[in-house]
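Chains as they are written, first to last, in the numbering used here: chain W, -5 to 300; chain Y, 17 to 668.
Be aware that one or more of the hints could be misleading.
In the DSS-like style, the derived pairs of lysine-lysine whose C-alpha atoms are separated by at most 30 Å in a straight line are [as the list claims (entries may be wrong)]: (1) W/LYS190 / Y/LYS213; (2) Y/LYS194 / W/LYS(-2); (3) Y/LYS464 / Y/LYS657; (4) Y/LYS607 / Y/LYS576; (5) Y/LYS361 / Y/LYS262; (6) Y/LYS576 / Y/LYS361; (7) Y/LYS525 / Y/LYS666; (8) Y/LYS297 / Y/LYS194; (9) Y/LYS194 / Y/LYS213; (10) Y/LYS220 / W/LYS190; (11) Y/LYS194 / Y/LYS262; (12) Y/LYS525 / W/LYS190; (13) Y/LYS107 / W/LYS190; (14) Y/LYS607 / Y/LYS617; (15) W/LYS75 / Y/LYS220; (16) Y/LYS509 / Y/LYS666; (17) Y/LYS262 / Y/LYS509; (18) Y/LYS194 / Y/LYS220; (19) Y/LYS107 / Y/LYS262; (20) Y/LYS66 / Y/LYS405; (21) Y/LYS107 / W/LYS75; (22) W/LYS190 / Y/LYS297; (23) Y/LYS525 / Y/LYS509; (24) Y/LYS405 / Y/LYS361; (25) W/LYS(-2) / Y/LYS220; (26) Y/LYS576 / Y/LYS464; (27) W/LYS(-2) / Y/LYS213; (28) Y/LYS464 / W/LYS(-2); (29) Y/LYS422 / Y/LYS666; (30) Y/LYS66 / Y/LYS361; (31) Y/LYS356 / Y/LYS576.
These are computed hints drawn from the structure, not numbers from a lab.
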Amino acid sequence: MKNKRSLFALPYVVWMAFFVVIPILLVLFYAFTSAAGGFTLDNFRNMGSYLVVFTHSFELAIIATLVCLIIGYPISYWMAKEGPRFQRIAMVLIMLPMWMNFLLRTYAWMSILENTGLLNRLFAAVGIIDLGNLINGGLNSLCAALNGAFGLSLNTARDTAMTYFQMINTSGAVVLGMVYNYLPFMILPIYSVIVKMDHSLLEAARDLGADSVTTFRRVIFPLSLPGILSGVTMVFVPSVSTFAISRLLGGSSEMLLGNLIEMQFTGTTYDPWLGSAISLVMMVIVVVCMYVMNRFGEGEEQAVML
Amino acid sequence: MKGKNRFGRRLSMALVFLFLYAPIFVLMVFSFNDSSSRTVWQGFTFDWYKELFQDSIILNSLYTTLLVALLSSAIATVAGTFAAIGFYNMKRRWRTPLLTINNIPMTNADIVTGVSMCLFFVAAFGAWNAFAQQFNADHVAQLPTLAMGFGTLLIAHITFNIPYVILSVSPKLRQMDKNLVEAAQDLGCTWMQAFFKVVLPEIKPGVVNGMLIAFTMSVDDFVISYFTAGPATSTLAMTIYGMTKKRISPKINAVSTLLFVTVLLLLVVVNVREVRQERAKKHPARQQEKNPRGKKFLLAGAAAAVILLLILSNQSDQRVVNVCGWGENIEPSLIEEFEKETGIKVNYQTAESNEAMYSKVVMGGSGYDVVVPSDYMVSQMRQEGLLAKLNFDNIPNYELIDDTYKNLSFDPDNQYAVPYTWGTLGIIYNTTMVDEPITSWSALFDPKYAGQVLMINNPRDAIGVALLYLGYSVNTHDEGEIQEAYELLRQAKAEGVYQSFVMDEVYDKMEAGEAAIAVYYAGDFLSMYDNNPDLAYVVPEEGSNWFVDAMCVLEDAAHKEEAEAWINFICQTQSCLANMDYIWYASPNGKALEEYPAYYKELYGEEMAPDLYEVMAAPADVLARCEAYDALPPEVNAIYKNLWTELGIKDG
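With the sequences and hints as input, model every part of the structure.
In structure tokens, the structure reads:
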């Protein structure tokens, strides 16, 4: 009887076989194939030269994830402490931007960060750019004086004629784009875990003499770990593999893994074999990271958004 | 103490919301701006909204986005719920590995999911189409050939949506009292009845939640759609991504504003209803008469809307032609005129560069009929057997093409290509941002212009200009010379000369004065000059590239006749004139090129400046120092490819 109902999953299992398993196997197949068609390891042989891209991508994604966690955790925690009405509105407000496509939101940042963009216009109007020039000039003369006095070689060539601050086409802009787009993915799972937390546990901790710091450290934080792990995954994975954010906010000077892969498939250097190999390596690294992280959490139950 | 704490908490929450919403408000404000600038306010207008509703590309992509989100979330909800029940009833030995596979689309990077599905569709359709071709040749019954499009997009969205539904439904199943179903069955229910009466109400919050997440994910997706939608289908995100590579129109701001306001209203309505329902619970009498019926109505309405959408989307008997051109490279009214004249619908897509177009075609499943590669790419594609021989009986207007553009090396026997435009590659610079007129390619490698140069983002042109500067031929096969050219670019990049590598982004950046110097094509300079008269164009003294872009039909095109009709239409003198006026690229139609100044005078009531005409149609003395690109042998292409990837990953 029981087994029969498990057949409900059969159509989906077939679906998965076709649209999840076979495609992944194809990536595997392409990664070990050459353009001519035979088996080869060449695609991996050059992987070393892409090390820069790998480290840069992981670096930016880790920074973005940490920033999301630092902002997202307290916000989720405080939100869960508010009244139900406030919570509902706050949830809606966090979800709402996701209903506009993430490219629209990234595009919005372009006009803010550009050299002739809104922020630079604002800075110029308020005189912050002049201030920057003044400070740079001051630092230059200070460094020159120090260099003269102590024989140092400090930088004395800071730009004192800036007409704008360079914000777009920098790593900072890319990280900002990641944080902006994926912050809800951090807040939602953490919030959903905290809000479901059993309050009698907190009371018990307090009754047993724990102060609020200890309660947080020994009870709340460990209990919210599944949410954190889920949030970290949901921010880290899209960050490390993005190509649209780096393309829009990083210009082409910010080459990330996503851009490298996209270039091989639809871009200027057609090489799906190499693209598959890079995808495969990225996938393996990410899976290993996630596996190790989940070992820490031991959380079998994955936190659900909302 | 406590009050202060609370204030601090609320303040930081408010700051986070400000961070989340500030860019959106900027977007919305500038949708009412009376100028196409995205940063300078010049007065209030509704014009962008009016234009938005006439822009079939944006509206179509919005429709695709919503349709795919609705369908995929609905299908995923049903399939996912049943799958969750199946998994729930499964032995652990089976369940654990299957759930791991189920998690793959969620935990895998979007780009890997997208790429893998793209490879799968290409392989599967390739095999199917080969079989169909064989079959159709031998049988009267005809099998259809398959190409990526809305169907593959939908499959991809369903695939990445189902796991979210399962993730959301499974915990509710686990929480459910197992005895409930048995009790219902003991009382005489069939399993199905028990499902609808007992199980479904129990897990409903999880199901609704799952559907909501699925819908959100679907609307928010870009990457997976980008790889699975094929050439003729485009979601809103894809349209925007395409636009950010060209000129971004405030129409995008307008569509964002509309989306935002709609969603906001929807959420307000839903929330108000929920609050009312909660209140109604306190007055049970009132709730009973109203609610169930209202819900059924809503459901029926939604179902009807979906069916209607499906019917609407299914008008596919029409003759179509899928054209892949360049951005800003066709007068849009020509498309309408052609559609009106012939009844053939034109799906006009753009590629970023020759190399990007080639990638899409060679990957297979592009679905394009007509492509417009440049000379060297025509040769390469012809040699690789990607192009079809044209039937010139269907293209009588070919005789209007000037002899200068016939029998060129890329198509020596005039079999594969019909020239579309020609022009030169050169330097565009902002006269207010440089001290002296630029005459040499050296400006592109000069640290003096650090951060001010936009280098062109395709290997052939970028390495080409470096070769020209070094005094080598753009067609050199000598690895040492190419390496030297690469070294020049690499060093300039390391010294920070290049602000970025761009293709059509160049329009926005040069017009707005974001950069001083750029490498781009003559015709595009004239478009930019229209919006910013401080710009100037020069074909450097070292010489440059003279190019011909030509219309070709792909070997695997599904609409060859329609494609030839399109090519014939474009060759007409009248089409060439209109096109030249819009895109400013010189036409190979001799009569049109000659007549253009007169056409201009008639249209604008003033003479065309002769120097501008000479930029468009370069005179003989300029052409004398220009060289056309030849196709490079595969081993040289491989060198270009490797060096280009390397240049990309080198830190700036």
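Hints versus structure:
1. Between W/LYS190 and Y/LYS213 the CA atoms are separated by roughly 27 Å; this keeps the pair inside 30 Å, and the hint holds.
2. With a C-alpha separation of about 16 Å, the suggested pair Y/LYS194 and W/LYS(-2) falls inside the 30 Å cut-off, and the hint holds.
3. Restraint check for Y/LYS464 and Y/LYS657: the C-alpha separation of about 29 Å stays at or below 30 Å, so the hint holds.
4. As the CA atoms of Y/LYS607 and Y/LYS576 are separated by approximately 27 Å, the hinted pair is consistent with the 30 Å bound.
5. Only pairs whose Cα atoms come within 30 Å are accepted, and Y/LYS361 paired with Y/LYS262 is accepted, the gap being roughly 24 Å.
6. Distance hint between Y/LYS576 and Y/LYS361 is fulfilled; the C-alpha atoms sit about 14 Å from each other, no more than 30 Å.
7. Of the supplied pair hints, the one linking Y/LYS525 and Y/LYS666 holds, its CA atoms being roughly 23 Å apart against a limit of 30 Å.
8. Distance restraint check for Y/LYS297 and Y/LYS194: the Cα-Cα separation of roughly 28 Å lies within the 30 Å cut-off, and the hinted pair is therefore satisfied.
9. Taking the CA atoms of Y/LYS194 and Y/LYS213, the gap is about 14 Å. The hint holds against a cut of 30 Å.
10. As the CA atoms of Y/LYS220 and W/LYS190 are separated by approximately 18 Å, the hinted pair is consistent with the 30 Å bound.
11. Simply put, Y/LYS194 and Y/LYS262 have alpha-carbon atoms about 58 Å apart, too far for the 30 Å limit, and the pair is violated.
12. Distance hint between Y/LYS525 and W/LYS190 is unfulfilled; the C-alpha atoms sit about 50 Å from each other, more than 30 Å.
13. A distance of roughly 29 Å separates the Cα atoms of Y/LYS107 and W/LYS190; the hinted pair therefore holds under the 30 Å criterion.
14. Note on Y/LYS607 and Y/LYS617: the hinted pairing holds, with a Cα-Cα distance of about 16 Å set against a maximum of 30 Å.
15. A threshold of 30 Å between alpha carbons decides the hint, and for W/LYS75 with Y/LYS220 the separation of about 26 Å falls inside it, so the pair holds.
16. Pair hint Y/LYS509 plus Y/LYS666 holds up; C-alpha atoms about 8 Å apart against a cutoff of 30 Å.
17. For a cut-off of 30 Å, the pair hint linking Y/LYS262 to Y/LYS509 stands: about 23 Å separates their Cα positions.
18. Distance hint between Y/LYS194 and Y/LYS220 is fulfilled; the C-alpha atoms sit about 16 Å from each other, no more than 30 Å.
19. The suggested pairing of Y/LYS107 with Y/LYS262 is violated, with an alpha-carbon distance near 55 Å, which exceeds 30 Å.
20. Proximity of Y/LYS66 to Y/LYS405 is assessed by CA-CA distance (about 44 Å); at most 30 Å being required, the pair is judged violated.
21. At most 30 Å may separate the alpha-carbon atoms for a hinted pair to count; Y/LYS107 and W/LYS75 exceed this at roughly 40 Å.
22. With a CA separation close to 23 Å, the supplied pair W/LYS190 and Y/LYS297 stays within the 30 Å bound.
23. Taken as a hint, the Y/LYS525 and Y/LYS509 pair is honoured in the structure, with Cα atoms around 19 Å apart against an allowance of 30 Å.
24. Only pairs whose Cα atoms come within 30 Å are accepted, and Y/LYS405 paired with Y/LYS361 is accepted, the gap being roughly 23 Å.
25. This hinted pair checks out: W/LYS(-2) and Y/LYS220 have alpha carbons roughly 23 Å apart, not beyond 30 Å.
26. Pair hint Y/LYS576 plus Y/LYS464 does not hold up; C-alpha atoms about 52 Å apart against a cutoff of 30 Å.
27. A C-alpha spacing of about 20 Å is found between W/LYS(-2) and Y/LYS213, which places the hinted pair at or below 30 Å, so the restraint holds.
28. Distance hint between Y/LYS464 and W/LYS(-2) is unfulfilled; the C-alpha atoms sit about 76 Å from each other, more than 30 Å.
29. A threshold of 30 Å between alpha carbons decides the hint, and for Y/LYS422 with Y/LYS666 the separation of about 41 Å lies outside it, so the pair is violated.
30. Taking the CA atoms of Y/LYS66 and Y/LYS361, the gap is about 24 Å. The hint holds against a cut of 30 Å.
31. Straight-line distance between C-alpha atoms of Y/LYS356 and Y/LYS576 comes to about 19 Å, which keeps the hinted pair within the 30 Å bound.
Hints 11, 12, 19, 20, 21, 26, 28, 29 from the list above are not met by this structure, while the remaining hints are.
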